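Peer 1: Guided by the hints, dock chain B onto chain A, whose structure is given.
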Amino acid sequence: MRELAFLVRLAAALARLGVLISVLYMQSAEAQMVVVATTSDVASLVKAVGADLVHVKTIIPPTTDPEAFEPRASDFAKLADAELIVRVGLGYDYWIDRLTDRLQRPELQQSGPRSVDASTGVPLLEVGGRDPLAQDDGHGHGMANPHYWLDPVNAETVTANIAAGIIRVAPSARDTVEANRNRFLADLHQRLATWSRQLAPYRGAAVLAYHNGWPYFARRFQLNIVGFIETKEGVPPSAAHLSRLIAGQSGVRAIMQTPFELKRFSEMLSARMGVPVVTLAPSVGSVAQATDYLSMMDYNVAVLARTLAPATR
Amino acid sequence: MLFVAVHANFGLHVLKRGVIFVDLALAQMSALGATIAFASGHLPTSTWGLVYTFLFSAIGAALLTAGRGLPKVINKEAYIGILYVVATAATILAVDRSPQGAEHVKQILVGGILTVSATELPKFVILYGGIGAFHWIARRPLQLASDAAAAGHGGSLLIWDFLFYLSFGAVVTSSVATAGVLLVFCFLIIPAIIGSLFARRFTGALMIGWLGGATASGFGLAASFELELPAGAAMVVAFALTLAIAVILRGFISVPAEYRKHRFRILVRCVLVSILTTVSATMIWLMVMPGADQPMLDVMEWAVGIGPETFLTPGEREIYADARREVRVRQSQATQQTSLERRSRWQGAPLSDDAVRRIGAFQQAFNEMARGEDFVVESLSTRARERERWYVGPAILAAAILGLVIIVPRRLRARFFSRSWSLLAARMLRRHTS
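Chains A and B, in that order, give the protein sequences. Here my numbering is used: the first residue of the first sequence is 1, the next is one more, and so on. Here my numbering is used: the first residue of the second sequence is 1, the next is one more, and so on.
Chain B on its own, in the form it takes in the complex:
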């Protein structure tokens, strides 16, 4: 919640300035500082470690502020990108020979939002509280600086630019180490976009952004728990879904009540068109490459409860079921051997080397048998798919295309076809004349 609260504020500024990737560049600059501190023999959490980190953050802030003075041909995002890439490369070079350094770089990428302890919270509260207070007190000049940056002028506001980037660097430094680069980017940008979807004024956008961010974080953490997913990645996906829902909601809220039914029909139509287009593409893929991976077909088969068995002969079906059973049996036999050996490490008399080798031979044999049966399952699945493509492919493809023809309004259809036909005709004419 704390992360959402402070990041949404920066996110709104960043969106206004049109410098989306600035957080990554600043985070990487401070990571470089922490890494150089480490290479010089200071722990990143020690006073000198913090001094180095903040110093590099300040250099990053100064470089970003100086970016304003660049000629217009150099795109702002390109400049930020170069800063990020150079800082990352320098960090990799600095940690090349140190074990804890490698851990440090991993930490910067993936973070560990789950591992924030209650004792660490006061540190974040003080830091974020301080920066929050500064942003509240200096909200006027900061707003002006952001507006000026967006408009591409405002030389007198350079100091406020620098202070903005410096405070931003301090926040990103601490949050990236905790939540990882991916999650911090989401915390920063998505709640801010959600906020600006619904409110024009800064405070309103901030409130709505906080609400959206908090909801997404909650759902992400719950999904990580229920579905056994890494917390950071699950939260990133939850943020994206929340944004999608917010975009749809805005589509309804922003129009008068009488148009809402019409908007709803458009939404349903869009969803149906996406589904039918996916189904058509899947069927074409199945007919062209039945032996290749068919992830969408797998989902469809799982949804309707039909498996490859349906397209096998009774004899093949028996072999298929038998092979699947055998895979499970052999894998469980291999696991049993592993458990037996693991127990023997500390329970009862220790196993001799020969006994361990015997267990190893059994594990190898069971694993190889399981892989052999797996191969049978895969070859029969491919055979089933080769039949399925002619039984199922054309019929479903025709139905999906028919569905698309019915759903897509005649006006759009006509425009699409007339444009396609005219393009085709123009191309043929050109070829003919040349």
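The shape of chain A in the complex, shown without the other chains:
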């Protein structure tokens, strides 16, 4: 009988504890700002700046090619309670405005008070100045080359934009956001020094890329991208283009490829030219090692340095 009373008391205590935990959890969830990021890269930077203040949702799944992404019905649910949207900009994620337009939330639209264009202030490369929705060379690069987050120095500008956006929505969070950002930047600067040291021996190394996605990375680490396998997205290269690549690029030391791109052409060129293919992570989550922004850059620099190393010996 006494045992039964003890068990009943224990069950009641556990139930009270459960209620307390769930109340605390709901309070913390309520306190968190819901931020929707279009890609896993900006999502990772939002987490770095917002930390516990934000609950980040990503629209493009990390293992999906962002340049081939089509929004789905479930994305409306993600956007329904969004307090802030962070976009890559430059037409890279133009579809987001169609979604927010359908939801009739003008504050989330481009240049709305609850929208952050992460590209603002970034020194752009290969500027075309076209309307992002206009037909162009098939890469969606009409406005400018949109792969700017692959230069780690641009993460400073991107995080500044994100911090300003969070503070605009929640002014009381200013101190925490700034402290988070400073901590992230300190880590970034430390790692940038290591990355630059790792790739310094390969300054001017000639490389081929499948897609024109690496100009910012090349600028930061002084690589010479001499050509691209793809001339138009989704259209296989012609025999003439491939043979020109083989004939004209005798000094090429690596072929840069992402997990989203066809491997056959890179592998064929690799076999013909005797140069290795290196699979880099163009976005957070595209390879298993790239769990966040900094580890993505760690991975890219390490794997590229390793690939270029034997060729220099």
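Because the hints were derived from the structure by calculation, they are not lab data. Heads up, a few of these hints could be off.
As the list claims (entries may be wrong) - Pair ranges (Cβ atoms, derived): (1) Arg72(A) <-> Val408(B): 38 to 44 Å; (2) Lys232(A) <-> Leu340(B): 40 to 46 Å; (3) Ala78(B) <-> Val153(A): 54 to 60 Å; (4) Ile126(B) <-> Ile246(A): 27 to 33 Å; (5) Pro409(B) <-> Arg72(A): 36 to 42 Å; (6) Leu144(B) <-> Phe76(A): 54 to 60 Å; (7) Ala78(B) <-> Gly248(A): 49 to 55 Å; (8) Arg325(B) <-> His189(A): 28 to 34 Å; (9) Arg72(A) <-> Gly218(B): 43 to 49 Å; (10) Gly218(B) <-> Lys232(A): 48 to 54 Å; (11) Pro71(B) <-> Ala73(A): 32 to 38 Å; (12) Arg427(B) <-> Arg72(A): 36 to 42 Å; (13) Arg325(B) <-> Gln190(A): 38 to 44 Å.
Since this is a predicted model, take the numbers as computed values, not measurements. Ideal placement from N, C-alpha and C gives every residue a C-beta, glycine not left out.
Peer 2: Frame of chain A, contents of chain B only:
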């Protein structure tokens, strides 16, 4: 050549059975197998990957064989179409969350015939050789099964049906991954049609099909090289042209020598009628919509060396020439800025962010100027076309119609007009009476 050799054989069977789209359905079933293997953590080229691929091929083969038992109201092609669409949708669902999966699906569609390496060839030779040998040994029952399938009976031959589809699935699985769905379809169907155009017997048709397929592949690859075209698509067009030539050739070969001159006259007449009809349609389009795209007129102008400048005033002509020159200049200035920035990434001192922004501003300005000049060129071209429609349109249209009247034999003309008139009269009469 290897692809042509093995596919033409299957193509003849497929034509006989009247199940043209079966290759797509089987290819998609095996692609689904490879994709599910991938989603379960096996590489498509690993043993388990191949087991999954072949297993799904076998399921596809079984489903196609079972298709025989369906009631007659369900069309065979509809059944195959449903199989294809469901397999494709299932593949898309299976690869939705995996990056390499998306690449896999792209590969299935476009393929990469250029990237077949010498080390891969033995694999194909063994596989195709094995299947070729099986088809040679079992040629009798396979033929019987195909004939029975075409006639819609032959229940006792179901096992041969299944074996046919299974071997077909194995070939299509490997070839689709290499050449892509579009090209495999061409390899399969077009040489087989070419063969059956010239020969009744299976072996003869196969030989001629091989010859036609080899010629088309050669021309397609050469065109891809010379004209900078994607190899797969260029080969598909080359196959279609070869088929057209084969059809024309057959028109001459199949008749006695004394009729050939007559056939040749018919051919010339057909070509002239097509040209004149196109010219007439182009002129009508020009007169109705001078500002719209005029692709045929562009070709005609390019062929005779007359451009929109001819229909502009001297002042407009000067602006037109100037704007075209400016487009080139501005585009080359923008390209120069791009090259400058690209060189600076690794040569000399790195550019500061401000210097990069300055280059970006120049690129934007030059590109916008080029687009502005482009707009001038386009508006003047439209103005020229608006004049051209009255100077050129009616005259050429009248000449083309006159040409058609002369070329088309009186008998055909009379039949066409009498039918048109009688139809018109009947319609008017109906309206009048109602």
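Peer 1: Would you mind marking each hint as holding or not holding in the structure?
Peer 2: Evaluation of the provided hints:
| no. | hint | verdict |
| --- | --- | --- |
| 1 | Arg72(A) <-> Val408(B): 38 to 44 Å | 56 Å, violated |
| 2 | Lys232(A) <-> Leu340(B): 40 to 46 Å | 25 Å, violated |
| 3 | Ala78(B) <-> Val153(A): 54 to 60 Å | 59 Å, holds |
| 4 | Ile126(B) <-> Ile246(A): 27 to 33 Å | 28 Å, holds |
| 5 | Pro409(B) <-> Arg72(A): 36 to 42 Å | 60 Å, violated |
| 6 | Leu144(B) <-> Phe76(A): 54 to 60 Å | 58 Å, holds |
| 7 | Ala78(B) <-> Gly248(A): 49 to 55 Å | 51 Å, holds |
| 8 | Arg325(B) <-> His189(A): 28 to 34 Å | 49 Å, violated |
| 9 | Arg72(A) <-> Gly218(B): 43 to 49 Å | 45 Å, holds |
| 10 | Gly218(B) <-> Lys232(A): 48 to 54 Å | 25 Å, violated |
| 11 | Pro71(B) <-> Ala73(A): 32 to 38 Å | 37 Å, holds |
| 12 | Arg427(B) <-> Arg72(A): 36 to 42 Å | 51 Å, violated |
| 13 | Arg325(B) <-> Gln190(A): 38 to 44 Å | 53 Å, violated |
In the structure shown, a violation is registered for the earlier hints numbered 1, 2, 5, 8, 10, 12 and 13, in ascending order.
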